[in-house]
Each structure stands twice: as C-alpha cells, then as structure tokens.
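Colleague: Below are the chains, spelled out letter by letter.
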Amino acid sequence: MKRRDFLKFVGMASSASILASCGVEKSSEKIIPYLVPPDVEDYIPGEAMYRNTVCTECSAGCGATAKIIEWNPIKLDGQAGHPLNDGALCMRGQASLVRLYHPNRLSNPRIRKGGALEDVSWDEAIKFVRDGLSKANSSGKKSVYLAGQTTGSLSTLLDSFASQSGVERLPAYEAFSHANLRRANSILFNINDIPGYKIDESDYLLSVGADLIETFLNPVSNSQQIYKARKGGHFTWVHVEPAISLTGYKADERKTVKPGGESSLLLFLLNYMVSNGLGKNALSSNLRDGLPSISMGQAASATGLSEDDLNHMAQAFAQAKHPLLIVGGSATSQDGGLSTAVLAGMIQWVSGMIGTTVDFNNAEGMNNVGSLLDIKNLADRLNGNQIGVAFIARTNPLATVPASMKLAESLGNAAMRVVMTDFDSELTEMADVILPLSNGMESWGDVAASTAVTSVMKPVVSKLYDTLSEGDILMKLMGQAEDYGTWLQSQWKDVLGVSDVDALIKKGYADTGYSAGNITMNANAAQSFVSGNKLTGAAAAGGVLYAVPSIRAFDGRSTDIPLTTEIPDPLSTVSYGNYVSVSEAANVGEVNPILKDYPVVSVEGKGASMELPAFVQPHMPENVATIQFHQLDKSMLTMDSNTGELITRVDGASVNATGRTTKLSALAGGFDQQHRQLIPKPGDHHHEGEFEIGQTLYPEIKYETYRWGMHIDLESCTGCEACVAACYIENNIPVTGEDQHLMGREMSWIRIQPYYNEDGTMDSLVMMCQQCGTAPCENVCPVYATYHNDEGLNVMVYNRCVGTRYCHNNCPYKVRRFNYFDWTDEGAWAEPMTRMLNPDVYVRPKGVMEKCTFCLHRIRSGKDFAKDENRDVRDGEIQVACQQACPTNAITFGNLKDKNSEVYKKSQMDKNFKVLELLGTNPAITYSTKANKEEHA
Amino acid sequence: MEYRFDDKHSFMEKLEEVFKSGVKPNDVKMVLPHPDHDIEHLVEEYTPASKLKFFTLAGGLTGCFTGFAFPSFTVLDWPLITGGKPLLSWPAWVVIAFELTILLGALASFTGMLFLSKLPRFSKMLSPDEYGNQYVLITDE
Amino acid sequence: MSSDAHANARTPEEVVQYKDKMERDIYAAISKPNWKFWAALALAVTCVGIGAVSWATQIIRGLGVTGLMNPVGWGVYITDFVFWVGIAHSGTLISAILYLFRAKFRSRFNRAAEAMTIFAVLTAGLFPLIHLGRVWLFYWLLPYPNQRYLWVNFRSPLVWDVFAVSTYLTVSAVFWYVGLIPDLAIARRIKSGIQKKIYGIASLGWTGTFKEWQHYNQLYKFLAALATPLVLSVHSVVSWDFAMAVVYGWHTTIFAPYFVAGAIFSGCAMVITLMVPIRNIFSLEEYITIDDFEKLAKLLMFTGLVVSYAYMIELALAYYSGNVYEQQQFEYRLFGDYAWAYWTMILCNVISPLTLFYRPARRSLMFLWILSIPINIGMWFERFNIIVISLAKDFDPYAFGYYTPSIVEWGITIGSFGWFFMYFLIFTKTLPVLSVTELKEEVEH
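Chains D, U and F, in that order, are what the protein sequence lines are. Residues 0 to 936 (numbering that gives the first Met the number 0) are what the first sequence spells out, left to right. Residues 0 to 140 (numbering that gives the first Met the number 0) are what the second sequence spells out, left to right. Residues 0 to 444 (numbering that gives the first Met the number 0) are what the third sequence spells out, left to right.
Just so you know, these hints were derived from the structure itself, not from any lab. This one's a predicted model, so the numbers in the text were calculated from it and none came from an experiment. There's no promise every hint is true.
With a straight-line cut-off of 27 Å between C-alpha atoms, the simulated DSSO-like cross-links for lysine-lysine are [said to hold, decoys possible]: (1) F:294 to U:123; (2) F:220 to U:123; (3) U:123 to F:428; (4) U:117 to F:195.
Make a model of the complete structure from these sequences and hints.
Modeller: See below:
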C-alpha cells in the first residue's frame, strides 16, 4: 500500500468514527423564542399550564386535569376537588393520554368504494352518509344509532338528530350494563338506574361480587371512599366472592362463596333481619310471609360459608349503624342474578340504606343504557333486512357480545354501516364509512359524572388529525353550520343554568343537583317478584369459569393503549398474553416463575375451547377459574334471556392440563416472600439486642434543609397500579413489549409486588427506588453517575453513566432499570408520541441506567417556586407523580427534616418498617402495614 | 587485549588474576553468554553492587504516596458522598496505593536498568560485537 | 532430561556446542511457517472476525442483543473477563513466584506462560469494555477529570480493576520483555537479513557485558518480587468486584484466596493445554521433560483441592449462617434452575483433578492435555455460577429471573478465544518459546 493511500484510509476511518460518535446524540434544532408570546394568561415558555377536562376512557366521567407544556398535554391527573374522583385517576385513565397520541389512531374519514376503504374529506364522508340515510328512508328501512353510554348534552343532541333525520336512537350499549341491578331497582324502586353508594358514610360494608377496586362503576371513587371510611375508624369491609379478586384481598375480610350461592347468603341475611325484627323498614306481612325461609344450615351448605361466618356476618350487619350492601359484578352477571339483585335491594330497603348510604339522588345515570336484549332485537331486525344505516359510535359490541348472537353476520345486512371510533377494530373492517373521532382532549363536551354532577370539557390541545368530535359530526349530519362547541355553550347556559361559561370550564364541573324524590319500595312488585321467581338457585356443579373485567382493560377497550398491557396485572403480574387463573387444586402442572414457565391448559365450556397458559392463583377455590373478560372466547358468553344481562359465569367449564408448558410474561419471579421478611409479619422482628439496625462505622450524613422521604401505607394501598401508569407517563418510561418482558426487561420504576401468604391474604408491596441513605449502588459506580445528594436523594446522572450495570447488580431492591436498547429507535415513541414526552425529564439513550429519583424535576420546580418567594418548600407543596395518582393517599412524600411534615410524622409511627432494613441501607421510604399494627397492639 | 574462553572456570581464574593485579572491573569489558552467579560474586568483591534498588524504592514510594494522595485530592476537590461513606475512604485507597506502588516500582526499576546499563545502545543494535557462547574479557593493556 | 547432570561430564568445548545446539533447536521454530500454522492462524482470525461482528452488532443496537436482563446485569462477559484474568495468572505465577522459590521447572514454562499472561490480559481487558452499555465512553473509567473536574470514584471496585488490570498488564509485559532481551540478542546473532535488524532493534543493543547482566539480575529479582504480590492482588481485586457487593453468593470474605487459587488452577490448566502441543510440534522433548509436566500436574492437583475446599466452605458457611438469603442462594445453586451449570463445575473442577493422585496419570501428557480442557471449562462455569446464579436469585422474590446467554455473547466469547490464540500463534513463530538464556545458565550448574 502506498503511503498516500494509507493516509487516506486512516483519515477515512477516523472521520467515520467521529461522525458515528456524533450520531449518538440527536441532531440539535434551532430554538427561536417568541417575538410576541401567545395571548394566554398563564403561558410561560417551558412551564406547565393546567386545564380541566374529562377522562373519556370509560363513561364514569371523572374530572381530569391536563398538564400542558408548550401546548402538548403531557400528563392527565384527576381533577382536585372534583366531587367524583377528587384528584385521582385510575390506571386506565392515567394511561389514556397515550390514546391521544397513538400513531395508530384513525386520522381521517374513510368510505368504502367498490369494496375498498379510501380516504376522503369530511364533506364527502358526510354527504355519503346523508345520501345513505335518504336512500334508506326512501326504501322504507329504519336507520339506527347505537352508541356507548351517552349522557349530558350529547344525549340531547343525539335525540334531536334522531328526530330530524328519522334515525332511531337505540339504547346505549355497554358490555357491563348492570342490567340485572337496574332491573331490580326498577322493580323495587321504579328507577332504572344504579344508585351512588356512600361507602364513606357507612360503618359496615358488605360487598358481594362487586369488584369495587377494579372496575365496578367507579373504582377511583370507591377506593377513595373506602380510604375515607377507614380513616374515620369503625369501618369493617367484608367482601364475598366466588373466585379471587384484588378487591377481595383488599377487604378487611374476604369470604369465599360457592358459585351461585350469593342469593342464598342474601336471603339468609334478609330472613335474619326480618325474623329478628331488625332494620329500619318493616316488610309488609304478605311479603314477609312470602319470603322463602332458609335455615342457617341450609344457608351454610348453599353458600359454602361456615355457620360461624354467617352468624357473625348477619349480626355485624344488623348491628351496624350505617350498613351498606353492594351487590354486583360476578354476583349479578350470572344466572339468577336478578334474584340476587332484588334480594339485595330488599335488604337495602329493610336496613334503611335507601336514602342514606344508597343514594339515588347521586345515581350513575345509566337509565338510557340498554342490555343485550336490545342487541338481540337489533340483530333480529338486521336479519330481517329492516335496517338502513347503522351508526355505531364509541362502542364495539362485536368484541363483547356473546358469539352466539352472530352480531357481525347480522350487521352485514345493514344497508350501510357508519362507525365512529378512534382505532381500527373488527368493526371498522366491516364499516362502509369510518368517521374518526377526536380525543376527549381535543373536543368540547360534557359528561354526567352522576345524575347530580356534570363534568365539562373544552379542547386542551389542537387536533392532531383530521378528526371531529361526535357532537360535531352530528351537527354536520344535521346540516348545521354552527359547531358543537358553540352549541354546547348555549346549552350550558340554558340547561345547566350557567351564566359564566369560562368560570364553568375553569371549575370543570357543574353541581346540578338532582332529586330522585322520596323513594319507597314497591311492596306489590316485590311480592309478585318473590312469588313468581325462584329466589335462590342451586350452586353451580362442576367447574366454573368467571370472565372478569380486567383492571387494566375493563371490557377490552383499553387494550388500544399499549401501556395498559405493559403494566402487569396486580394479582398475576402478567403483562402480555392471555391466560387463565386456576386453583392449585386444578393440578395443571408445575409453574416456574423464575423461568416464566407456565403450564398450558385447555379450557372448555359451552361447547368452545381455548388453549392458553395457566396462572396458578393462590387461594383460588377448587373448581373455580377466572379469565380476563377480553381474553375469553366469546362463544362461552351467554345472555340472561329475561333481563339481557351478560352472563360471565361459564358453568361446566373444565380446565385440563395439556402437559405442555409455555413462556408467559408474568413479571414476578416468585409469589410469596419465601421467608425473606420483606414485609415483616408479627414475630418476624429480630430479637432485641442481637444487633442494632442502622449501626455504622461511618459518620452520620448531615442534611441542611431537606431530606426527602416517603411513607407508603400498605394498608391503604389497593394495588390498583394507578401510580405505575402515572410514573410511566411522568418520567417518559418506554413501553418495551412482550418479547422484552419475556426476557425480563420491563422498565417500570415503580411496581406492585403481590406476595401471597399462607393465611389467605395477599400483600401488595409497592417497590421503587428506596433512596437509601447508605446506598449500595453508589459505591460501586466507577464514574459517580449515581451519588447521594445533599437532600438525601440517590440521584442518577444519566449523562455520566457508562452502563456497567454494577449498581443494578448491587441494588438489593432491584429497582434500577437498564436501557438495553434505544427505545426511541425501537419505536417506543413513534410519532406523534414524542409530543407526550415530559420535557422536564430526559429521555434516556441506550446503555444508560435509570431509576426513580422521587420525581426530581418536580422537587426542582417546587424549590424554584419557593425560592422566588424567598422561603423553604412548604409541606405538601411538592407532590410526586405516584403520590398524586394514588386514590387512597397511600403515598406520602415530603421533607423528613421538617418535624411538622406529614411524612415525618408518618415515618415515626410504631408500626413502620423498612424493606430489607437489616442490610443497613437506611432507606428514605418507610412502610406501614396492618400486620405490624397488630403486632404492636 | 581480548581473551576468549569456552570454560567458565578458566574465565574466572583469568578474571581473578586481572583484578588482583589492581585492574578495576570498570576498566575492563567482560562479555558473558548468560548471567552467572559465581562470576557476579567474584566481580562484586571488587566493585559495588548494582544501584538499581534505589530506583525501585523511589518508584515504589512515589506510587504509594500517589495512591493515597491522588484519590484524596479528587474527593476533596469535588466532595460527593457515595453509600454514606466518609469522603476520605482510605481503606479503598489501599488498593490504589498498592497497585501504584507496584506499577511505579516496576517501571522505575526497568527505567533504572536501562539507564544504568546505558540501554538502548543504538550503535550496537545493528552492528554489534558478537561473541557467541564464549566468555570474553577485554582489557586496555 | 536433566541437563545439569550432563554438563559436568562435558568438556568445555562440548558445553559451548551444547549451548549452540540449544539455540539452534529452540530458534528453529522461528522460521517460515507451514500450511498447518497458516490454517490454525486463519481459524483464530475467523473467530476474531465472528467476535468483531458480534461486538459491532451489540454496539449498533445496544446491549439488548445479549441475554442480560433484570435481575442479571452481568453474565457471560464478566464471566469471560474473570476467566481470562484467571488464565493470565499462572504466567506470572510460574515466572515470579517460582523464580523466587528457585523452582527449576519454571524455566521450561515461563516464557510461554508469560506470553499467555499478556495475551490473556489483553483478552480479559476487552471484556470490561465489551460489557459497557456505552463503550464509546469507556475512557470515562480512566482516572482523568472531565471538563468540570469530576474524577472517577476510587471507592468503586471497578476503578480498582482499572488499576489492578492495567498494572498487571504493564508489569507482566515489562517482566516478559526484560526476560526476552538477551534472547532477542541471541536471535540477532543467529538470524540474518531483515530478521537480524528487527531482533537487533528489539534487543536494544544488548551485548551481554557484565554490567548489563549485573543490573539485569537485580532488575529481574525486583520484578519477580513486585510481581508476586501483584499476582495475588489482581485476582483478589477481581474477586472484590463481587465480594464488596451486597449480593449473597458474592458477599463473602473467602473470595480473595478462593479466586487466586482458582486462577492458578485454571492458569496451570491452560499452560498444559498450550505447552503439550508446543513441545510436540517444535520437538522440544529434550528441554521440557515429563518430570517438568508432573510438577505442573501436582500444582494443578493442589490448587484443584484448594478450589474444592472453597466450594465446600461456601456451602458450609451458608448452612451455618442461618441467613435465609444465603441458604436459599446455595440451595438454588445446587438444585435450582442452574443446577446443570453447578454440577458441570463440580464434575470438572472437583472430581476430574482427583485422577491426578494416580501417578501414571500425572505422567501421561495425553491425559494431562485432555484433563486440562474440562478444567478450563469448569473454571469458566465457576465464574458463571458465581456471577449469574447469585444475581438470578438475590433478595426480592419478585425480581428473580433466569438469564440465558444470547448468540452474540457466545460469538464474542468465541472471538475472545480466537483473539488469544491468534496472538499466541504469532508468538510461537516470532519469539523463542523457551527462555534460552536461562536454560544456558542452568547448563553451568
């Protein structure tokens, strides 16, 4: 090689490597400041603005507050002070921000031309639909409008659209329509609705089947009320269920009832009250005599509960000053569910709950929700070719109705299918017109949070795509020039009686108030029901499979949001993949959680069968299995032919081992504490004098003003995963997907670890970086990428990290997360999801360790505000994301140096413990549990 | 005068004779095919032993001092607490000091050897005097 | 064959002739290689290529191409690192410690063993870089300040590693080179043409005057004296990477001696793996005898027993500690998901060296060579077990997990063997594989 050639090669090689090293950082962009800043009062470049809106992930109507930085909403939280959900959102609500930015969102109207869908303008699409409508009208076919639960002004608008365009508005479709409950209430109290339950005003809560913490009506509100009731003292919560649920574990007592035995339990309770003359309202003698009697022995055998339990439950219930009975979920969505609901209503009446803890003035507002009977009716009409244009908005019945209804086939008979939604599904595949809906945050609207409260929303972000809100679409279909927002504001003035719309929007909701009148039980209707129906059914024989709505996906709708699948189920810790939870007695084979090996089982029932991995759920009763509703083969679903309730109990289901195993992305490597005393149990404490925890050779670290600390109350924690979702969104934590989860590479900074105990209880341990005072991770970092700062935080300097992963190995809590890939390159933030990145938090590149630092950016910003006012940070001024999201205030954050701070006071409680305290890591997080309280009592 | 020997013992006899006659070892040139302890002992009766040990000592002491001083300087320059340990975590510095003692001791010794032996000797690299496996004594006579 | 017995019987002329023959025999290897050598070298370079492609993949895509995960943050790479550092051990051990103890069989192995040390450290030194998440910033581990005068954390065992391994490499290289200088001078004398020039420059103009030898002897003694504690310290420091951590299965006081013994064990095995073929291929039977190998075999057996003792002590301590984490960790090693790796190690490191109690086994080169292979494998698994199994099941049951090495990690491991053997092959053809000067010196005694 010639010398010159050699030099050329050297030059090429070195410049190539220089270029390559530049490529590691993203190329910079020029930032030009505003010459004239936008005329928005609270806009400060780079600072957050807060706008109230409404969470539209489900129809509960929780008030939400969007945190907006540079015009992009980057976080959704509960609206503080909102009567429904005061400051908290559930995990799905937190995650619903992703829905706004998801790259797969439908971005423009499409119509089917010659078999294929093609993109068109809104005008074209509207014209296409209106032509379809008039064609249908002229051919004598009826057009129908089926939507998800619709309340507030949209409901009014829908009615006027229906009457103007000759479209029939069908009762709204919700998979979990609570049809039996509403039917029972309409029989007994003439109200086709579900009342508000005032858990916080009760002193004894008996919940039967209703998964209060997971999905029942409004889990956030339920959890908050349970928390309030517990703080008030004198509150006992007994949960009765046939299977295993998070709710059961979080109740004070969890009782297992035989499948189908719920009605016997209720009948026993009713009989007990009536025959002992207890309760506030007496039943008419006819009704009393008409009630079938049930002895304690009979009740015990029908329910599977012991006589002691029954006796105890009945007495406690009868003695309570403000008892509350909530029946729902698996108790009513089964055969005989109506009887169960009616019995519950009668108990509520007898015990005087109606008007006190059961509040019809603050009801759910579900009176225009239909049931599967309406779907059946629709299918029949479709099959009779009577339907012209079928509008389907904000709901996908194809995914949730029993397969036997063959709804998809029937829907093919409509002259035209107009689908309004935001994501593709089996429904859009068969649509003739797809009208993409704007996200709630891009829309005007109002939602009834209850019959007494209406939450309102105004767009908080300009539209990302060529979409319209449902209201705007209706206005256009009606040929109105006015847009929905303008119409809505006049509506608010007229209907809500609001004079200042801006003030209303700022407040976020209107307390309209509502009176359901003086409610008394219709004794005649009750009596005819009692005499005409079998009140108690036999308990199911053989295996039973329950399809339970999932805390992560509800009826399946939230699976559109990748984050809800990324975050594991709080009981099984399964993130991705379908699975069935079976009992240990089912003997389906060995589970090896470390290898993530789970036995494959075949689940058969109602003539259908599924093969899927089995999670062996500790404490699951024999012959009972559960599956998340959206993962069930819909062939196994049936309908209550009387009420149209969806029957989610699959009787005669069998779970059989196949002998094979498969990998299931259950994130836990173990489901019990294995004697490791992570959550010390009574008697676990080290003997006095053996050695003193916290002894050290090192000088004590002095903190000047702040030592940030946290207290987590595991007794209050419901394991609902809202904090996890909040943390993901706040800290730009990537969603890594199933393959990475199977490899053990989840990125969560905070996680809920379920530990099952032999006594039938389960502890959810909230695990995150413990901000150790003497952190093992810090010593071993060769480059000072992690060190102890002067405010007691174990900070992580991402830019300095070279990625030895030594700190991760040396962390006893295993809360450090390594960026094995550049998740941005791997598609974690596909455009336009980059817009939801929190600009206050660095997006970590590949090869860097990351972890929780108590939302350091929030601390920073809180200190800046305090500094502007020349003072120290006040207690409670800084809220970390997980703390803010927690519906039950289980997380307290603050300055441990401040002896008056809440966190300091809580950290000094007797019942506290620190995780792995004996290692001498001196964590800044203290925990408390019930178990410890008992020990010290 | 150049004397060549196949045999170590005759070489040593000749050496002793030369030295006894008052010639200093520094005044003659001895070339050996390999090191030999007997010859070394003999010659060292008439000349001081190698001064290499002072290089080793100096290098080792420098290393040891640096090993303690340098980390101490860095932690005081920018005090960062890790794991609650005191800033001057001298037990950790022991390892650094130990390794530096060895490193600088060895390098100083090597440099010392080159310096004392006047190596590298560029003039002899390509046109050396070769004596094979014989013992050679060259005197100025 | 013991040369000194014959030396006394020889006439002075014969002694000189014998020394000349010795030079000819040993330097005969430094000649134009045959096709077998080229084939072996090509194989080694191919392996290096596999390793390079694997590493490039890893740099471009990220460490995700490995099997590393939560909770196992260190896997095959650190195993390879410790393995190669261990291999590096017996080189300087044989050289320095045996030099100080005046053990004669040292001179048969020291040159190759030292070369092995240097190449093994060169290989080992790659792994701390390979395992970095951001290898392009590896120099941040070196003790220099960044632009804001932030230095490295001298409390981190990884920084100790930087000092220990680089000191070890430097001192070993100096030690090796110093031993080579007179031999290079011999090469300069007996070779011609370009070779003569290269060896001439490399020999620094060494002429073999008494003064040179005087300082040389002194230097060699000091280097041996410095290298001996260094050898012991290096693997101790490597063991402290683990022992200083809080992880059960790592956090134990016996690690330093345990690792040093293990390192000598694996190093001796590797010396046997290398020297048996070299003796055969280069026809050095006259200079390296069965007796010499038997001594090495005894050392192997002894260190094997020390290592076995350490394994037992670990279990005994776990049992006796009453510490649930420690007990479960060792129970998991013996009977858990990684039991296959544990029992492979026991079979290779505890059972197989016991055969050396049988004298004919110690004296059979074929047997020794075959035995050295499972010992090398076993010692690799020892490190794998310590590193991986301890991490797989540490404190929090939720965070337990199973690590499976990926193809990229195996590719880089193969690459490391290629890298090592590539250097070693080049060494055998360019430098005397025995220390001629020292052998000559022995002739006189």
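Colleague: Look at each hint and say if it fits the structure.
Modeller: Verification of the supplied hints:
1. F:294 to U:123: 40 Å, violated
2. F:220 to U:123: Holds - the C-alpha atoms of residue 123 of chain U and residue 220 of chain F are around 26 Å apart, at most 27 Å.
3. U:123 to F:428: Holds, at about 25 Å.
4. U:117 to F:195: Holds, because 21 Å separates the two Cα atoms, which is no more than 27 Å.
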